[in-house]
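Asker: Sequence:
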Amino acid sequence: DREAKVRAMAERIRSEARGPLGNEAGNAALSGLTGVSKKGREEKDTQDLEAMLPIMENKVATAEDEAEKVSILAAPLAMEAVDELQELQLGAIRDTEMAVKAAMITV
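Sequence positions in the sequence shown follow the numbering used here and run 26 to 132.
A portion of the hints provided could be inaccurate.
As the list claims (entries may be wrong) - Below 35 Å or equal to it, Euclidean Cα-Cα: the simulated DSBU-like pairs (lysine-lysine) are: (1) LYS63 - LYS30; (2) LYS126 - LYS94; (3) LYS30 - LYS84; (4) LYS84 - LYS64; (5) LYS64 - LYS30.
Unchecked claim - Beta-carbon label-pair distances, calculated as ranges: (6) ALA100 - ALA76: 20 to 26 Å; (7) LEU110 - ALA88: 52 to 58 Å; (8) ILE130 - VAL107: 19 to 25 Å; (9) ARG37 - ASN83: 20 to 26 Å.
Just so you know, these hints were derived from the structure itself, not from any lab.
For glycine and all other residues, C-beta sits at the position ideal for the given N, C-alpha and C.
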């Protein structure tokens with residue numbers, strides 16, 4: 026099931042990359058230029074995509090974690106501004122700005 030999804034995703038990406046050539050003309054042009062069969066290209070693309078998946082999944086998880094940290098640190102900013110909360114909200118602004126900078130570097 027996963028392999029079928031990977032193959033479908035790889036085919037969709039390839040068809041988008043072909044652009045205006047169209048599927049058949051794009052396949053013929055690619056086969057003529059590279060001398061590699063369609064099946065061989067598909068297998069190589071599938072292997073490349075499967076090799077990249079764990080890395081991409083890790084990066085997405087990291088980005089989600091960083092976004093959640095920023096959201097948590099920014100929560101006091103959603104409260105109504107009153108004198109009693111001014112110091113807390115100023116600290117939340119500083120913390121949120123630092124978390125956003127760290128998230129941008131991480132991502």
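Asker: Which of the numbered hints are not met once you compare them with the structure shown?
Answerer: 6, 7, 8
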